[in-house]
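I would like the entire structure built from these sequences, with the hints used as guidance.
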Amino acid sequence: MAATALTTVVSTKGQVILPKAIREQRHWPAGTRLTVEETPEGVVLKPAPLFPETSVAALFGSLAYKGSAKSIAEMDEAVAAEARRRARG
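Okay, so the sequence shown: first residue is 12 according to the working numbering, each after it adds one.
The reader is advised that the hints may include incorrect statements.
[To be verified] Label pairs and their in silico Cβ distance ranges:
#1 LYS57 / SER79: 44 to 50 Å
#2 ALA75 / THR19: 46 to 52 Å
#3 GLY72 / GLN36: 54 to 60 Å
#4 VAL67 / ARG97: 26 to 32 Å
#5 LEU29 / GLU64: 33 to 39 Å
#6 GLY78 / VAL27: 30 to 36 Å
#7 GLY78 / GLU48: 57 to 63 Å
#8 GLU85 / LEU61: 33 to 39 Å
#9 GLU93 / LEU70: 22 to 28 Å
Everything labelled a hint here was simulated from the structure, so no lab data went into it.
From the three backbone atoms N, C-alpha and C, an ideal C-beta is built for every residue, glycine too.
Take a look at the structure:
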């Protein structure tokens, strides 16, 4: 997109309409959630992440297996059995 200056107006409700060319270039359809970041140069809009940032440590154990430990051979057989099941359709 060319570096042409586009303008918009802040409504009495604090709403700003982004020009269609910007929305299309960024693939921001109606309803897109944006984060607003104030910088020394101005305001930056970015798509908001769908899920909050998290760490492996926060998730560790959330899908804990309840039962006796399986051997490598048992796990290999379970994987092979599932592959055969999926191959049959």
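How the hints compare with the structure:
The hinted window of 44 to 50 Å between LYS57 and SER79 holds, with their beta carbons roughly 47 Å apart. Checked against the given bound of 46 to 52 Å, the beta carbons of ALA75 and THR19, roughly 51 Å apart, stay inside it. Checked against the given bound of 54 to 60 Å, the beta carbons of GLY72 and GLN36, roughly 43 Å apart, lie outside it. Between VAL67 and ARG97, the C-beta spacing of about 28 Å keeps the proposed range 26 to 32 Å intact.
Look at LEU29 against GLU64: about 25 Å separates their beta carbons, and that is not inside 33 to 39 Å. The hint said 30 to 36 Å for the Cβ distance between GLY78 and VAL27, and at roughly 55 Å that hint is violated. Look at GLY78 against GLU48: about 47 Å separates their beta carbons, and that is not inside 57 to 63 Å. About 36 Å separates the C-beta atoms of GLU85 and LEU61, a value consistent with the hinted range of 33 to 39 Å.
Restraint check, GLU93 to LEU70: a C-beta distance of roughly 23 Å satisfies the suggested window 22 to 28 Å.
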